[in-house]
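Read top to bottom, the protein sequences are chains A and B.
For the first sequence, position 6 matches number 632 in the working numbering, and the numbering has no gaps at all.
For the second sequence, position 31 matches number 51 in the working numbering, and the numbering has no gaps at all.
Please note that the accuracy of each hint is not assured.
Dumping the calculated BS3-like pairs for lysine-lysine here, alpha-carbon to alpha-carbon at most 25 Å [claimed, not checked]:
#1 B:Lys220 with A:Lys907
#2 B:Lys219 with A:Lys907
#3 A:Lys716 with B:Lys424
#4 B:Lys220 with A:Lys669
#5 B:Lys264 with A:Lys907
#6 A:Lys669 with B:Lys422
Cβ pair distances, simulated, as ranges [unchecked claim]:
#7 A:Asp882 with B:Arg472: 47 to 53 Å
#8 A:Met883 with B:Thr330: 34 to 40 Å
#9 B:Arg472 with A:Gly649: 28 to 34 Å
#10 A:Lys806 with B:Lys488: 57 to 63 Å
So the derived list for chain B, only partly shown, Cβ under 10 Å to chain A, looks like this [unchecked claim]:
#11 Met281
#12 Ile409
#13 Pro441
If you're looking for bench data, these hints aren't it; they were derived computationally from the structure.
Even for Gly, the Cβ is constructed at its ideal location relative to N, Cα and C.
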Amino acid sequence: MATVIELPVELFKGPVDPDWCPGCGDFGVLNGVKQAAAKLGIKPENLLVVSGIGCSSNLPGFIHAYGIHSLHGRAVPVATGAHLANTDLKVIITGGDGDGYGIGVGHLLHAMRRNLNVTYLVMDNQIYGLTTGQTSPTTNLGQKTKSTPQGNIENPINPLALALTAGATFVARAFSGETKHLAETIAAAIEHKGFSLVDIFSPCVTYNKVNTYPFFKERVYKLEDENWDTSDFHKSMQKSFEWGDRIPLGVLYKADMPTYEDGENAFKKGALVKQSLKADKDVFQSVIDEMI
Amino acid sequence: MQEVTIGIAGAAGDGLDKSGDTLARSCGRLGLHVYAYNCYQSIIRGGHIWLKVRIGAEKVYSHGDHLNVLIALNQDSIERHAGEVEKGGVVIFNSDKIKCEPTQVREGVKILGLPMSKVTADVVAEHGPLQAIMQNTVAIGAACFIGSIGLEEPTEVLTDTFGHKGQKIVDLNVGLLKAGYEFAKANVEPIHKDWKFSKKRRPFLTGNEAIAIGAYAAGCKFYSAYPMTPASTVLHWMASHAHKTGICVKQCEDELSVINMAIGAGIAGARSMCATAGGGFALMTEAVGMAGIMEVPVVCVEVQRGGPSTGLPTKTEQADLFQVYGASQGEFPRLIVAPKDIADCFHTTVESFNLADKYQLPVLLMSDLLLSEHPETVDPEVFTHDVKIDRGEMVHEWPEGKGKYKRFAFTESGISPRALPGTPNAAYVSATDDHDEESILISDMFTNQALRRKIMEKRNRKVENLLKELPAPVLEGPQDADVTLVCWGSSWGVMKEAAELLTAEGVKTNILNIKYIAPFHAKEVGEILSKAKKKISVEVNFTSQMARFIQMETGIKMDGHVNRYDGEPLEPKWIGDHVKRILAGKPLDLEVTEDEAKEIAYHWLRTHNGEKLRPVKVTRESANGHGEPTWNIEISERATGAAAARMKVGVSTGSTYSYEKLASEAK
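Isolated chain B, as found in the complex:
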């Protein structure tokens, strides 16, 4: 498949997300497919931001393993990423301020320095002075030429983006785009020339946006939240569209209030939702059980990020499975569902509202930072306002004299038809104490074992039909595979690519992605896995939570586990390499790599020396008296390139053993 990956690197506040957006939307309008991932830090200005935009002629399922074009917005970005650009690729930067030496790139990579003041001179003469951030548009123009995207759609996107600021700003930006495009045209060759543009216009959006839009389509009327990365953008979408959607959007004082309000709204009969990250969900857990015992429909989105505690606020992880599965004391039915991609976020949210109503239970929708924040082009037909809305069994009126309305009637299905407050003659109390059919408390009775048994059985048998209604997971890929990779939630797309990569390399691979976690298709999963030749779980966590969960439910143990817990999302080649190692009988190898040794050095230097020094060369040493091989990192002065220091980092432990200043720096 024809594809190109463009990376934009700089500091927070450099506006690179907007630049990436211009590029991605242009491709989305041309009919190309885009997957973008922004690797950022929890700071507003400074630091290092790394945005990868992968563009494909067909659907792309991850940010991939490749880099063809680098747009470096500062010197640091050249140092970090110029070496990643593959043969035939281009490094773009402002050569008035930034340098890129031929030694910093691989063979066959073109260095395209943009002499910014010269390139933009005509535009400035015509439209006036530039803000530093506008130089990004020049680089985007150059990338548009190199990627053969043309100028038409990018011009249109810039016009749409800046239209509200007036024609002058539009002209200025379009002028810069063209200047960059023409400069690149005069100096480099494009990477691809033969895209076929279907011009099918695809929306470019994140998982959080798809969840919010899904909630609107499903008739959500009440949304409560407390700001927390990576769930906050659901709140932002809800708040900024409330005037159009009519949804009551409530920012609360804490997450306790968030879920308790959502449950209160659910009792009163409004479709309600809330979203939070793992830490916020930890505060919500008591109320999840309240929704369980009161049988209240509510949708709670749990967006996982690196934990425990504050952990990695802007990094991804899948380590909250057990928290969500075990949330709240006691036993009650809950639906836990983990959508697999952005389109699925939309469908799953709609489905969650219907199932919450139908089975009168809390739905816990599990996402993660990668799924919630990465934008992707999605086929427009995925999104429709005309979705099925099923409120389940409701009691709209209860005639006087019909006898007492039983809110928790002991029915065969376990579902007791629900009357909403406001219905005459049907008054009842929703209670957190356990209760009988009429919702009279049995918590303090001496002693009514039968009623307690029967209400427990009634509540819990709701899941039998719920499970039947949910589609069971299926194997994807060759049925006679050598290895079955087991994953869950947002890993689906990258796992699909990894399986194709492995199969192409001769290791026939299929995947089993788990979407519905509770209730669980133990029988179907057990049957699939018992037939698999080799089973390896691939999870973005340390303890293989899904593999353990499957073992608990089916008794089947994986043959190996691949775990990633460094904050970054999975990549196809990374998965493939680790799977092959495990198949070769070797243990999972997560030792410090050469590039990672450099990152450790960057971190150490920033902490102890500011920005004066940088790591330049890394070599592996074995015999060294540290009980493990070490990375020997040579460090030089940024300004002069003079050798300044040397540090040693353990390959296995990552420990910084020594930092030795050389004579020149010691002065």
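Same shape as in the complex, but just chain A:
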């Protein structure tokens, strides 16, 4: 393995400063991504950050790297296409709970079962922030929001359990109030070969008055502090439902499995964008001869 040359974090400073609300959890995630990329020595030109639409999906604009700020819910397929076209790029998908677990959840499931070698960081604030405070797929049962003034009557999605059943090979949780742990978890996710999902508690200071920094600070603990066995699928599944007084952070599950890229014949000659565009004369003739 090549020696990793760490890069300065400042190298990843974006062209504009974030316009998130002061205190937004997403600042912590942005810093976490920068620190992880710097630590892993991923040069800005080789980093592609892909998002959908939402407050957190503005992240690619705030980091010095290539980026795609795509459509609401479509970050995963756009990232998949870009990744398959150039497997030499390191692709990180960023977005919120509405983007990933709501409008885009169909794509997420399939990306996980494909075990694509990409990282997905979901800034989960359990609310729709950019649209000013409606219920989201992870909003608590009973919580009052703009679209559920009498209280939310739908059960929230459990992202970790969802990822486990869908076949993600790296499932973790982090909290933007725990910056060092967050950066380490992101780095581990990027280093993982296969699909990595990190659900990140990223409090919305404006529209979610329930799931606040103090709410999480009182409850979270780190799995690694308890020598958690990340290879046990069934125990991980059980653990993914732990919620209430104690909420686990860290890598819940990790498996070494063949990736989509391992099975795709087209990559045998390297990244698609680096291959010749000219059709092979003999192959071309053979496909015409088939028709005669």
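For this one, chain A is given, so just place chain B on it according to the hints.
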């Protein structure tokens, strides 16, 4: 021109497409020209399938209006098609199982029943028992004699087809082919004897295959799709050839994913394509606008089928023009192109990749079920691996210290040289929010009207040069025509034949076929149409979308419209008859015909009575109290021929007014 049309009719699962393929490839190897159309249903077994193979000494542009030889694989097919065979033609069938009465065919048509067990006895004795499907080969053998195609090429084609199954299977099939050929030789005369075989071997392929091959030639590296008729065969070709072509072929979870992946691949720099039908494209529309604002090259093939909604999944239509033209919110440049035939599918696909790259925009290539699924012989020199590849203005490196790379630089041409992710010092974000030259968002600024105006103008002025680069449409046929027929896309070939037919009948006709829809040659089209004596649009849709589009772009209104929206493709005589009616000042007449009344009866009987009964005789009645003339359809028992029922169907409305059981069936 010397030509012969052979029809093969049966049920799904009868293997008639393979039989048609043997026949067509044989002709293709002899140097003859073939156009085939398979009229089928969205079922895997049963139903009715009708394959027409038209063979010509010169290029044939449609499945035509004629039928010379019918191969009927079941009784139903005799009932439906035996009467269509023209004088001098032959009806071929397995007489062990199927009957054809002299009353069921026109005068001068030969009934050639193949006593299958007798005809195949020697072959079976030598090579072993037959599967039912192999009897088709006997009928093909008979057709090869009647059509004067000979045995050499068909034998060669069967050998190539069955070679992988071993010599035994090859011998068996070739034996059956010869048995059918010899039986026909002993019993009927061939239709043509004087073909001149150039032996120029022409590939026989569909529009979808030509698009897929075109994509390979153009350097497509990423193809994504979700199965949907009639686009699926692009996916099948791509998947089955991926090991050779090296294209990354991705079947996705839905069409949203399909186009978003293709756009993602386009951003990263791979030439990418996707294909779908109208319904799938409806799901893709939001992403088309994303490609527009991000200025991403991507090729999206939209294959039209009968709509709206699920509509007619296996039938053809040209009713998605406005959907494609209006796809996605906002305004952005797009190229919409509708190739006119199979050779054009190849060239247009290659061109689409080049123009998508050069002008950094989505190319929407419009096809339809007819073009995508009908196979045709095409001159082999059309296909070459050595095509022009133009990636447009690219930035391959950006030295440090050169200043900020502007992904969306406000250039005169509107084209901003493109750097791909991975290029050092040129990092940028491709954003769906509107942005400035450096791709910094301006969407939430207070307030930057100038930047918004300038980025809009930059993007949209790309089409000025694009339009100049595209060839303008031209009139085909006599310049001093009495009538100009306006059509688009795949209708070109059949319209050409219809114009020749009309001209031969004394109505001097030319055609104006529209290939490039957006951007549109409004000036050139306006000049042509303003000089036309009469202008009639002919479209496979209900609302004359191209005629409306031309009126919007040029202010010129057609003098009449011919519309076909019954799922079947246009035919030369059908077009000619309707054009003549309109020229005579009459409205478009799409009343229920006698044959169609029979089809309505078939449908009603299948739904209510199963397969026991069939319509036998149809007569038109006028005074009947229904406010319109009706078709009186006499229905009899299939087994005995005894009169069983009578139904009345409105000539104008198609309404089933009554179904009356006769005493015999009531028991």
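Going down the list of hints, with the structure as the test:
no.: 1; hint: B:Lys220 with A:Lys907; result: holds (21 Å)
no.: 2; hint: B:Lys219 with A:Lys907; result: holds (24 Å)
no.: 3; hint: A:Lys716 with B:Lys424; result: holds (23 Å)
no.: 4; hint: B:Lys220 with A:Lys669; result: violated (57 Å)
no.: 5; hint: B:Lys264 with A:Lys907; result: holds (11 Å)
no.: 6; hint: A:Lys669 with B:Lys422; result: holds (19 Å)
no.: 7; hint: A:Asp882 with B:Arg472: 47 to 53 Å; result: holds (50 Å)
no.: 8; hint: A:Met883 with B:Thr330: 34 to 40 Å; result: holds (38 Å)
no.: 9; hint: B:Arg472 with A:Gly649: 28 to 34 Å; result: holds (31 Å)
no.: 10; hint: A:Lys806 with B:Lys488: 57 to 63 Å; result: holds (59 Å)
no.: 11; hint: Met281; result: holds (4 Å)
no.: 12; hint: Ile409; result: holds (5 Å)
no.: 13; hint: Pro441; result: holds (4 Å)
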